[in-house]
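Protein chains in written order, with the numbering used here: chain A, 1 to 336; chain B, 1 to 313.
In short, the hints are calculated from the structure, not lab data.
Remember, it's a predicted structure, so these values are computed and weren't measured experimentally.
Accuracy of the hints is not assured; some may be wrong.
[What the hints assert, rightly or not] Label pairs and their computed distance ranges (CB to CB): (1) 328(A) x 311(B): 36 to 46 Å; (2) 247(A) x 237(B): 38 to 48 Å; (3) 279(B) x 170(A): 56 to 66 Å; (4) 247(A) x 279(B): 55 to 65 Å; (5) 211(A) x 135(B): 35 to 45 Å.
We put the beta carbon where it would ideally sit given N, CA and C, even for glycine.
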Amino acid sequence: MLMVLFGGIFSFSGDGFDLYVQNNDIMENGLATPLSESLIRTLNSTQAFDVKMIPPNQDMESLIHDKNAARILMVPKGFQSDTEMGSSIVLLRYDQSQASSSSLVGIVKSVLDGLNADIAGIEPIVSLQEENMVSNSLRFIDFFMPGVVGISIMTTGVFGAITTNTKYRTNGVLRKLATTPLGKLEWLSGMVFYQLILSILGAMLVITVGTILFGIAIRPTILTLLILLSGGLAFPGFGMIVARLVKNEESADAAGNAVTFPMMFLSGTFFPLDAMPEIVQIVARFMPLTYVNEGLRNSMLLGKPEAAFGNAIIVLLFAFVAIVVGSLITSWRDED
Amino acid sequence: MPAATVVEVQNLVKRYGDVVAVDNISLKVKKGKILSFLGPNGAGKTTTVEILECLRSPSSGIATVLGLDVSNSSDQQKIRQRIGVLPQSFNTFGLLTVKENIEYFISMFGFRKQTDADSLIRLVDLEDKKDAHYRTLSGGLKQRVGIAIALVNDPEVIFLDEPTSGLDPKARRGVWSVINGLRDSGKTVFLTTHYMEEAEALADSVIIINNGKIVAEGPSSELIVIHGGARSIVLKEPGDSIVKAIRAWNSNTWFDGNSIKITMNDGSDVAKIVDLAQEYEFDLSNMDITKPNLEDVFLRLTGRTITEDGGTR
Numbered sequence: 001m002l003m004v005l006f007g008g009i010f011s012f013s014g015d016g017f018d019l020y021v022q023n024n025d026i027m028e029n030g031l032a033t034p035l036s037e038s039l040i041r042t043l044n045s046t047q048a049f050d051v052k053m054i055p056p057n058q059d060m061e062s063l064i065h066d067k068n069a070a071r072i073l074m075v076p077k078g079f080q081s082d083t084e085m086g087s088s089i090v091l092l093r094y095d096q097s098q099a100s101s102s103s104l105v106g107i108v109k110s111v112l113d114g115l116n117a118d119i120a121g122i123e124p125i126v127s128l129q130e131e132n133m134v135s136n137s138l139r140f141i142d143f144f145m146p147g148v149v150g151i152s153i154m155t156t157g158v159f160g161a162i163t164t165n166t167k168y169r170t171n172g173v174l175r176k177l178a179t180t181p182l183g184k185l186e187w188l189s190g191m192v193f194y195q196l197i198l199s200i201l202g203a204m205l206v207i208t209v210g211t212i213l214f215g216i217a218i219r220p221t222i223l224t225l226l227i228l229l230s231g232g233l234a235f236p237g238f239g240m241i242v243a244r245l246v247k248n249e250e251s252a253d254a255a256g257n258a259v260t261f262p263m264m265f266l267s268g269t270f271f272p273l274d275a276m277p278e279i280v281q282i283v284a285r286f287m288p289l290t291y292v293n294e295g296l297r298n299s300m301l302l303g304k305p306e307a308a309f310g311n312a313i314i315v316l317l318f319a320f321v322a323i324v325v326g327s328l329i330t331s332w333r334d335e336d
Numbered sequence: 001m002p003a004a005t006v007v008e009v010q011n012l013v014k015r016y017g018d019v020v021a022v023d024n025i026s027l028k029v030k031k032g033k034i035l036s037f038l039g040p041n042g043a044g045k046t047t048t049v050e051i052l053e054c055l056r057s058p059s060s061g062i063a064t065v066l067g068l069d070v071s072n073s074s075d076q077q078k079i080r081q082r083i084g085v086l087p088q089s090f091n092t093f094g095l096l097t098v099k100e101n102i103e104y105f106i107s108m109f110g111f112r113k114q115t116d117a118d119s120l121i122r123l124v125d126l127e128d129k130k131d132a133h134y135r136t137l138s139g140g141l142k143q144r145v146g147i148a149i150a151l152v153n154d155p156e157v158i159f160l161d162e163p164t165s166g167l168d169p170k171a172r173r174g175v176w177s178v179i180n181g182l183r184d185s186g187k188t189v190f191l192t193t194h195y196m197e198e199a200e201a202l203a204d205s206v207i208i209i210n211n212g213k214i215v216a217e218g219p220s221s222e223l224i225v226i227h228g229g230a231r232s233i234v235l236k237e238p239g240d241s242i243v244k245a246i247r248a249w250n251s252n253t254w255f256d257g258n259s260i261k262i263t264m265n266d267g268s269d270v271a272k273i274v275d276l277a278q279e280y281e282f283d284l285s286n287m288d289i290t291k292p293n294l295e296d297v298f299l300r301l302t303g304r305t306i307t308e309d310g311g312t313r
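Only chain A is shown next, with the shape it has when bound in the complex (with noise of 0.2 Å):
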């Protein structure tokens, strides 16, 4: 099953491959200079990128916001002219998470050697600047670790409501309980609880021992812990849905793990949804951790608040819809 899906993923990825050009060696007529325009002809020939010339002087991050570019190119003003002194250099810069960044750089640099070959001179003289996008040093680790809190808080929740309802149950505690005064209510909210204090304590180990370990540039804000708080809700509501399936004690891992993998692997965690396959991507719309993922790198990777803040609602409803739906299949007494 997993080689299948990374098969899929593989198989399917690319949204292409657009470069972002940007020329700004232009000569007073207007028009570019000859070597930059060799340069880029060169780079179009080579049929690996899909060249998506952008006017001089636009803003660049604009161009990453807006149009999600993941790659860009510039080649800087008076580049001809440092050329021909004996030393220039082309600005590239692009998301390090992505899988194609490396064959990126390894395409643009044997373009470049080969204009440098050219020029017939001993020494290099264009040479490459590169520089990383996404809040500045995005890394797949950076990507990752949110993940890992999501795929924390998720497993601690779908497994332990699974495994607290299945054990208890069947080792006769629930049957005691269900003699004395406390209704069902005041049971599953007291697990839902248990959880959620489980889920938060999980989730900043991971981001602690994460900073620690590979100096994860994250910043956890208010919206992280909304996010957290409201999967922390959902993954042991929709634990309870799967526990009034189980029968025994042994089951119960497995139908845990029968919830957790697909979605673990369906929603984002370790590669970005856009680098999926169409289906694959409708299929995440309807998984709580595809929102704790995004809403995860949104508050602290990414800071964007407002969307953040868009993902925890979308997770407080999934907790809503999970818990209410949760307790009124959970039996308790044989009336309720």
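With the hints as your guide, set chain B onto chain A.
Same frame as chain A, but now just chain B:
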């Protein structure tokens, strides 16, 4: 003045699909008495008590506990406040200590009159185990914790469902002495069991249930007089040939594989058995003459006997 009725059941029926688990039973339990609800597994004992504990709803009939209707949901909450329950195969939180478990259940009864944990621990004689984790206790001690927990709300009536099932004789006696203590403190106890000797040892009165129906009720001594029959001669580990000979002579016998029991008509039966023993070389030191007990009552009423694990034979 006659004692008040604490539990009353009239024409109670519980069906699970086509199976009738409890078949039109009626009974009363008086305040301050220990009632033993005796029968083999599957007789309907647990179903009946679970209806009285408001865990299951009756299919038809009326059941009241402390004058409150078990089928009425606002009465149910009042019943739960005022009863103590030791469920069948009782279990509680294994990683909490004895004392923590008891305190947990005390807290569950809110502002109602509460008993303090230490006095309950003393009552069930677990003082030296009060800080032990529940899961480390032996079966008999676990059941005593269960009884202590059943008492946390100072209940007026206590339901003990198979309190000594699966325990060894020594542990069983330990639990019995705790239950006897309850009688002394004036509690009403509704005890289900499949152990004849337990019913005989503890109960003020016994109700025998079989296949969902009540077959006899009354104080055990009375039941024995009415249904127990005469004394019996018991031969332990008789050979096949003497069993055959005894059965040819007296049809009123019962053989369970280990011993044969002959209900006596008069003293001459003893002489006859002695003769047969000599003839078939049976060692007479393995012969007993027994008074009738509840086992004989059950045997005479149902034609079967209850085995150690609660089945019938």
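Hints and how they fare:
The hinted range of 36 to 46 Å is satisfied by residue 328(A) and residue 311(B), whose Cβ atoms lie roughly 39 Å apart. For the hinted restraint 38 to 48 Å between residue 247(A) and residue 237(B), the CB-CB distance of approximately 45 Å keeps it satisfied. Separation of residue 279(B) from residue 170(A) is about 57 Å and conforms to the stated range, judged on CB atoms against 56 to 66 Å. A C-beta distance of roughly 60 Å is found between residue 247(A) and residue 279(B), which places it inside the suggested range of 55 to 65 Å.
Between residue 211(A) and residue 135(B) the Cβ separation comes to about 38 Å, which falls inside the hinted range of 35 to 45 Å.
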